[in-house]
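Visitor: Residues in the sequence shown are numbered consecutively from 1, following the UniProt record's numbering.
Simulated from the structure, these hints should not be mistaken for lab results.
In this text, a Cβ means the ideal position worked out from N, Cα and C, and glycines have one as well.
Mixed in with the good hints there might be a few duds.
As the list claims (entries may be wrong) - Here are the simulated lysine to aspartate or glutamate pairs, DMTMM-like style, with alpha carbons at most 25 Å apart:
no. : residue 1 : residue 2
1   : K99       : E112
2   : K106      : E94
3   : K172      : D154
4   : K172      : E183
5   : K143      : D154
6   : K210      : D158
7   : K106      : E84
8   : K67       : E56
9   : K172      : D158
10  : K172      : D147
11  : K143      : D158
12  : K106      : D95
Said to hold, decoys possible - Estimated spans, in silico, between C-beta atoms of each pair:
no. : residue 1 : residue 2 : range
13  : L145      : E177      : 23 to 31 Å
14  : L145      : T170      : 20 to 28 Å
15  : M134      : Q100      : 48 to 56 Å
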Amino acid sequence: MIITQLNHQYTELQYYNELLTSQHFAGHARQRRGFVDGIGYLANTLFGVLDERFAEQYTRDIQQIRKDEAHLNTLWKNQTSIIESEYNLLKRTEDMFNKQHKILNKHLNSVEKVIQTMESEINEISLSEDFTLMVLTAQQMLKTLTDIQRTLLDTVTDIYQGHFNVHLLTFKQLQAELLTISEVLTTDVTLPIHNLQANVREIYNILRVKARMT
Numbered sequence: 001m002i003i004t005q006l007n008h009q010y011t012e013l014q015y016y017n018e019l020l021t022s023q024h025f026a027g028h029a030r031q032r033r034g035f036v037d038g039i040g041y042l043a044n045t046l047f048g049v050l051d052e053r054f055a056e057q058y059t060r061d062i063q064q065i066r067k068d069e070a071h072l073n074t075l076w077k078n079q080t081s082i083i084e085s086e087y088n089l090l091k092r093t094e095d096m097f098n099k100q101h102k103i104l105n106k107h108l109n110s111v112e113k114v115i116q117t118m119e120s121e122i123n124e125i126s127l128s129e130d131f132t133l134m135v136l137t138a139q140q141m142l143k144t145l146t147d148i149q150r151t152l153l154d155t156v157t158d159i160y161q162g163h164f165n166v167h168l169l170t171f172k173q174l175q176a177e178l179l180t181i182s183e184v185l186t187t188d189v190t191l192p193i194h195n196l197q198a199n200v201r202e203i204y205n206i207l208r209v210k211a212r213m214t
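Please construct the entire structure, taking both the sequences and the accompanying hints into account.
Guide: See the structure below:
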């Protein structure tokens, strides 16, 4: 096989020499290509040497590979752009959540302060109401004690002057006592008033009392 290859190479060398020295170079160009292709094809078959047909196929394959690489590169760029867009979206979403969290936290703090202020005001109002109630109760107690004191003073003053005070006996009590007295009186003795039911108030003016300290 090596000798055959050497013979082909030598034959091809002779052919090129004759072609270069002859006047029919242009006319034999196509025959030269066919001869070379044949030699190349035979060399490819025997030794793996590329002829024009395989070179064109390899060129197309390389071009296709380059197209595929360019397409893959485009896909990679597009995928990278999508990932970057998703990352930017997530980043914006995170920033928005952080801002909303800060706003919500600020609002909660404001609400908490308002609640504390309201609780403080409610406590103050409650204390004020308690104080007002205590004042009103004290005023009512003082009024009651003052009325009792005035009644006692009036009663003592009336008794000291010999007058019968209405606070010693109420109208009903005095009326009941006078009815009891009138029942036991003799016919020649009468009460100084004609109508006991209507003129019971006049009895207080004619009654006299005596008292002494013990």
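Visitor: Each hint needs a verdict: does it hold in this structure or not?
Guide: Taking the hints in turn, this is what the structure says about them:
no., hint, result
1, K99 / E112, "holds (20 Å)"
2, K106 / E94, "holds (18 Å)"
3, K172 / D154, "holds (20 Å)"
4, K172 / E183, "holds (17 Å)"
5, K143 / D154, "holds (16 Å)"
6, K210 / D158, "holds (10 Å)"
7, K106 / E84, "violated (32 Å)"
8, K67 / E56, "holds (16 Å)"
9, K172 / D158, "holds (20 Å)"
10, K172 / D147, "holds (21 Å)"
11, K143 / D158, "holds (22 Å)"
12, K106 / D95, "holds (16 Å)"
13, L145 / E177: 23 to 31 Å, "holds (30 Å)"
14, L145 / T170: 20 to 28 Å, "holds (21 Å)"
15, M134 / Q100: 48 to 56 Å, "holds (50 Å)"
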